[in-house]
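Turn these sequences into a full structure, and let the hints guide you.
Those sequence lines, one after another, are chains A and B.
Under the numbering used here, think of the first position of the first sequence as 1, with each following residue one higher.
Under the numbering used here, think of the first position of the second sequence as 516, with each following residue one higher.
Calculated from the structure, these hints are not laboratory results.
Given the structure is predicted, the values throughout are model-derived calculations rather than measurements.
Simulated DEER-style distance windows between Cβ atoms:
(1) A:Val425 / B:Gln618: 29 to 37 Å
(2) A:Gly485 / B:Leu590: 45 to 53 Å
(3) B:Gln586 / A:Val39: 36 to 44 Å
(4) B:Ile519 / A:Leu14: 43 to 51 Å
(5) B:Ser579 / A:Ala32: 54 to 62 Å
(6) A:Leu29 / B:Ser579: 54 to 62 Å
(7) B:Gly598 / A:Leu296: 36 to 44 Å
(8) B:Leu590 / A:Val39: 35 to 43 Å
(9) A:Leu29 / B:Val602: 23 to 31 Å
Reference excerpt, derived from the structure (chain A facing chain B, CB under 7 Å, subset only):
(10) Tyr144
(11) Arg157
(12) Val163
(13) Val164
We treat Cβ as the ideally placed atom computed from N, Cα and C, and that holds for glycine.
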Amino acid sequence: MMHWIILPVVLPALLAPLIGFVMRHDMTLARAASLTGTVLLLAIAIGLTSMAADGTTHIYRLGDWPAPFGIVLVLDRLSALMVLLTAVLALIVLIHAITTGWDARGRHFHALFQFQLMGICGAFLTGDIFNLFVFFEVLLIASYGLMIHSGGRERMRAGLQYVVMNLAGSTLFLFALGTLYASTGTLNIADLAARIPEIPEEEAALVRVAAILLMIVFAVKAALFPVQFWLPATYANAPAPVAALFAIMTKIGAYAILRVHTTAFGPGSGGTEGLVGTWLFPAAIVTIAIGAFGVLGARRLMPLIAFSVVGSMGTLLVAVAAFSPTATSAALYYMVHSTFAAACLFLIADLVVTQREADTLTPMPASVQNGLFAALFFAAAIGMAGMPPLSGFLGKLLVLDALRTPGAMPWAWSAILVGSLLTIVGFARAGSALFWKSTATPVTDPDPEAITVHDVPEPVRATPMQLAPSMLTLSVLALLAAFAGPVSAYLEDTSAQLFDREGYVAAVLNPGEEG
Amino acid sequence: MELIVASTIAVLTAGGVYLLLRLRTFPVILGITLLSYAVNVFLFASGRLAIDMSPILSRYGEASYTDPLPQALVLTAIVISFGMTAVLVMIGLAAYLEAESDQIDIAREDEAKPAKDDQA
Numbered sequence: 001m002m003h004w005i006i007l008p009v010v011l012p013a014l015l016a017p018l019i020g021f022v023m024r025h026d027m028t029l030a031r032a033a034s035l036t037g038t039v040l041l042l043a044i045a046i047g048l049t050s051m052a053a054d055g056t057t058h059i060y061r062l063g064d065w066p067a068p069f070g071i072v073l074v075l076d077r078l079s080a081l082m083v084l085l086t087a088v089l090a091l092i093v094l095i096h097a098i099t100t101g102w103d104a105r106g107r108h109f110h111a112l113f114q115f116q117l118m119g120i121c122g123a124f125l126t127g128d129i130f131n132l133f134v135f136f137e138v139l140l141i142a143s144y145g146l147m148i149h150s151g152g153r154e155r156m157r158a159g160l161q162y163v164v165m166n167l168a169g170s171t172l173f174l175f176a177l178g179t180l181y182a183s184t185g186t187l188n189i190a191d192l193a194a195r196i197p198e199i200p201e202e203e204a205a206l207v208r209v210a211a212i213l214l215m216i217v218f219a220v221k222a223a224l225f226p227v228q229f230w231l232p233a234t235y236a237n238a239p240a241p242v243a244a245l246f247a248i249m250t251k252i253g254a255y256a257i258l259r260v261h262t263t264a265f266g267p268g269s270g271g272t273e274g275l276v277g278t279w280l281f282p283a284a285i286v287t288i289a290i291g292a293f294g295v296l297g298a299r300r301l302m303p304l305i306a307f308s309v310v311g312s313m314g315t316l317l318v319a320v321a322a323f324s325p326t327a328t329s330a331a332l333y334y335m336v337h338s339t340f341a342a343a344c345l346f347l348i349a350d351l352v353v354t355q356r357e358a359d360t361l362t363p364m365p366a367s368v369q370n371g372l373f374a375a376l377f378f379a380a381a382i383g384m385a386g387m388p389p390l391s392g393f394l395g396k397l398l399v400l401d402a403l404r405t406p407g408a409m410p411w412a413w414s415a416i417l418v419g420s421l422l423t424i425v426g427f428a429r430a431g432s433a434l435f436w437k438s439t440a441t442p443v444t445d446p447d448p449e450a451i452t453v454h455d456v457p458e459p460v461r462a463t464p465m466q467l468a469p470s471m472l473t474l475s476v477l478a479l480l481a482a483f484a485g486p487v488s489a490y491l492e493d494t495s496a497q498l499f500d501r502e503g504y505v506a507a508v509l510n511p512g513e514e515g
Numbered sequence: 516m517e518l519i520v521a522s523t524i525a526v527l528t529a530g531g532v533y534l535l536l537r538l539r540t541f542p543v544i545l546g547i548t549l550l551s552y553a554v555n556v557f558l559f560a561s562g563r564l565a566i567d568m569s570p571i572l573s574r575y576g577e578a579s580y581t582d583p584l585p586q587a588l589v590l591t592a593i594v595i596s597f598g599m600t601a602v603l604v605m606i607g608l609a610a611y612l613e614a615e616s617d618q619i620d621i622a623r624e625d626e627a628k629p630a631k632d633d634q635a
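As structure tokens, this is what we get:
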């Protein structure tokens with residue numbers, strides 16, 4: 001049995017209390033430990049990805065209990081990909097938080113950050129739905145702390161809404177689990193996949209209720225209409241590096257839908273087949289519309305980006321809702337892309353807002369590095385809106401190409417294309433207000449001496465180290481576009497493995513074949 | 516007994532949802548608590564209701580035992596919901612002290628206010 005699989009959970013779990021209790025008075029030490037831990041996590045994630053790349057499904061039995069009775073961790077291509085995505089994003093966000101000093105504006109940033117990573121990695125690796133609930137709670141309770149990091153009136157109130165929303169979601173999750181357990185007698189995903197097809201269709205009503213309840217729970221996480229309303233307020237008021245890390249949080253909802261609803265309730269599951277996709281598709285279309293109109297109507301920079309995240313989740317879930325291997329591999333490509341695009345926008349917005357000292361979309365005197373920021377914002381907005389040079393274009397193209405079935409095509413194509421257009425207009429408006437019109441705005445400082453750069457008390461220029469994380473995410477987007485061929489070939493294998501129910505069930509439930 | 520358990524869950528859930536939709540923090544916290552009570556009883560019942568039976572097999576082949584797994588699930592759920600409620604109370608308190616109001620909604624003028632300050 002490979003013990004590597006549990007490491008992405010154990011490493012942050014051990015590190016976080018150490019940072020929280022032992023290193024809490026020494027910021028340098030905490031930063032070093034957190035950075036080391038995240039680099040190690042990245043190394044482990046790369047190792048796990050290369051382990052899973054050959055297509056075997058690796059199993060880790062906690063306490064060595066056989067699968068339906070004990071909890072298993074499952075490592076296949078999809079979970080390895082998600083852990084790798086988390087680790088890369090976490091490292092970038094952590095560098096940004098350290099170099100911009102966000103981590104020192106409140107207490108326990110690094111401990112909470114590591115707990116958050118533990119929860120996220122655990123949620124991606126687990127093969128048991130109740131365990132998924134537990135890891136959801138771990139990552140949520142860490143995210144509550146990160147969300148209200150450094151405090152402030154608006155942030156506390158938005159944080160309160162976020163907590164209440166997620167607690168209600170957790171309760172719903174438990175109701176879904178109870179229904180599922182009462183009707184099937186198991187909570188192991190592989191065991192569910194084996195048992196649900198055996199339930200006669202006329203008795204599958206409870207399982208269908210459980211499938212829809214679970215979809216609603218995951219939709220809350222994925223910010224799907226009609227439960228998307230928490231996201232703009234939360235992301236817009238969270239500290240920017242935390243908002244960038246939260247780019248992966250919405251993807252957890254999408255991942256959970258992919259994992260649970262493809263494997264357990266997906267094609268070939270009898271009574272629940274096609275049920276979730278029917279509801280997911282229109283909801284995702286409306287989500288795209290909400291995101292696009294939100295981007296168009298936003299009056300501040302952070303809500304603008306938050307709404308663009310809502311729109312990208314809509315696009316992602318439209319592809320997920322098709323529940324076909326082609327559409328899923330397109331969704332996975334778009335998922336990787338939109339995670340980095342959203343994170344990139346939040347990181348750049350943080351630099352911009354720090355210099356402007358406001359995130360309103362109104363012309364203000366140009367900041368010291370107006371040109372540089374304009375270029376960065378332009379590139380990130382291109383990525384998010386889906387314009388050619390970066391991976392957003394390819395991602396949307398793959399999604400559109402996968403959704404050519406007669407029933408889906410008119411809705412999905414028009415929603416994605418019109419949504420993209422509105423997003424481009426929204427970003428162009430924001431960019432021109434922030435950067436272009438700003439150069440035409442005279443400096444209206446009452447103190448004439450402050451006009452010359454040297455007399456301004458703090459000519460806060462972003463240091464190269466502060467710019468590095470945003471540039472790194474941009475280069476990830478560029479690499480994703482440059483190597484789109486190999487990446488999408490890998491993702492096609494990933495979704496083929498995801499749709500191989502028999503293979504997954506056999507690997508998890510028959511321990512003799514795996515080890 | 517099924518009727519009693521079912522109606523208890525129903526009443527708790529209804530009360531919880533009603534309180535959750537209130538505009539002030541404290542009723543919302545109570546609502547979340549009621550909902551978590553409801554879900555705990557519900558989870559407990561998902562292993563079928565059985566009276567006076569132990570959750571372990573005393574002898575193999577003896578079929579009269581109650582499903583132990585939901586009890587373990589309920590225990591986990593109780594611990595988690597207790598911790599979460601504590602966190603919620605603390606965040607609610609902090610938000611109340613910062614904002615000097617325990618309204619859950621962020622009012623429109625509040626949203627506009629920081630923007631106005633920045634422009635000035």
